[in-house]
Amino acid sequence: MKSIANEDLIGSKSMPHGNDVCQGPSSHSLNKKVTALVVEDNVVNQMIHKRLLSNLGIETQVVENGKEAVDLHHSGAVFDLILMDMEMPIMNGPEATRVLRAMGVRSKIVGVTAYSGDYEKRVFMDAGLDDYYEKPLTMAKLVSLLQELVDNN
Amino acid sequence: MLGLGVDQLRADMNQLLALLFHQGVLDDHFLQLQQLQDVTSPNFVYEVVNIYFHESEKLLRNLRVLLMDRDFSDYKKMGIHLNQFMGSSSSIGAKRVRNVCFAFRAVSEQNNRAGCLRALEVLEHEYCYLKNKLHELFHIEQQRVMAAAVRYRIQD
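Chains V and A are the protein sequences, given in the same order. Sequential numbering of the first sequence, starting at -1, is according to the numbering used here. Sequential numbering of the second sequence, starting at 665, is according to the numbering used here.
For reference, chain V alone in the conformation it holds in the complex:
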């Protein structure tokens, strides 16, 4: 599978939250890795999603719930892609997405969850998702997601 780790990207891990993460082309560096955050309480899915992303050369962090994702962003972390589970303890996916968007996080946030009804899907999308996939995430879905990320940047 072709790695996209060397593609030019928007975003830098050193940017504090609330700042505009859009940078002009002159500040992009070559060989800059795509970064991803997996927000998921299920250990099996954590392992699989992390492995899927790592195999594509994506630098990945994993947290267990929405609050940890929010705290990470408060501490200044920025990610190109956030995979957000829906049902999690402490802070669920829709709530975490709303908080992150309110903080000014402009990363691509994709909801990934086991089957849910149209209403739950709509609530999740309205919270600020860019996209939504039913579990399990596959390599094909992920490549398509990442291609969109690269194309949009």
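Worth double-checking, as some hints may not be accurate.
Here are the simulated BS3-like pairs of lysine-lysine, each with C-alpha atoms no more than 25 Å apart in a straight line [to be verified]: (1) A/Lys740 - V/Lys119; (2) A/Lys722 - A/Lys741; (3) V/Lys139 - V/Lys106; (4) V/Lys30 - V/Lys139; (5) A/Lys740 - V/Lys65; (6) A/Lys722 - A/Lys797; (7) A/Lys741 - V/Lys119; (8) A/Lys741 - V/Lys65; (9) V/Lys65 - V/Lys119; (10) V/Lys31 - V/Lys48; (11) V/Lys48 - V/Lys119; (12) V/Lys48 - A/Lys740; (13) V/Lys119 - V/Lys139; (14) V/Lys106 - V/Lys48; (15) V/Lys48 - V/Lys30.
Rather than coming from a laboratory, the hints here were simulated on the basis of the structure. Small disclaimer: the values here were computed from a predicted structure and weren't measured.
Since the structure of chain V is provided, determine the placement of chain A on it from the hints.
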């Protein structure tokens, strides 16, 4: 002779996998799981599946404890457990277990306790079958790896 052993074991594994696919016990997501395994992570499938077993048995215990309570009414909690079980089962390609969880969840949404008890029994049965077959698969794989290692040493 040892070479035949390795080849026979490989054939046995493929036959078992084909059977499990034919029965609908596994689906393509199990193949994806296998494709995630490589030299940098040679036991990935085994590790993930063992965690799946551990987590699943916790969920099954939780479901049984909930339903054994005569005053049980927390169907929302039951739904959360079932979503967890469905999610991880889908991810490893455990298609029949996933489908039973789906049916179980539909019954729980009707607040039907008797139906849930029946569904739990079906789920426990399907899970046990899956676990036994995956253990069988790992056992054959382990024997194949050992036989291949012996053959390699003899050839040296």
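Hints and how they fare:
1. A/Lys740 - V/Lys119: It holds: about 18 Å lies between the C-alpha atoms, which stays within 25 Å.
2. A/Lys722 - A/Lys741: holds (14 Å)
3. V/Lys139 - V/Lys106: holds (14 Å)
4. V/Lys30 - V/Lys139: Holds: lysine 30 of chain V and lysine 139 of chain V sit about 22 Å apart, inside 25 Å.
5. A/Lys740 - V/Lys65: Holds - the C-alpha atoms of lysine 65 of chain V and lysine 740 of chain A are around 22 Å apart, at most 25 Å.
6. A/Lys722 - A/Lys797: Cα-Cα ~20 Å, so holds.
7. A/Lys741 - V/Lys119: Roughly 19 Å between the alpha carbons, so the hint for lysine 741 of chain A and lysine 119 of chain V holds.
8. A/Lys741 - V/Lys65: holds (20 Å)
9. V/Lys65 - V/Lys119: holds (20 Å)
10. V/Lys31 - V/Lys48: Answer holds: lysine 31 of chain V to lysine 48 of chain V is near 15 Å, not above 25 Å.
11. V/Lys48 - V/Lys119: holds (24 Å)
12. V/Lys48 - A/Lys740: Violated, at roughly 29 Å.
13. V/Lys119 - V/Lys139: Within the cut-off at roughly 18 Å; holds.
14. V/Lys106 - V/Lys48: OK: lysine 106 of chain V and lysine 48 of chain V at ~17 Å, within 25 Å.
15. V/Lys48 - V/Lys30: holds (19 Å)
In this structure, only the earlier hint numbered 12 is contradicted, and the remaining ones agree with it.
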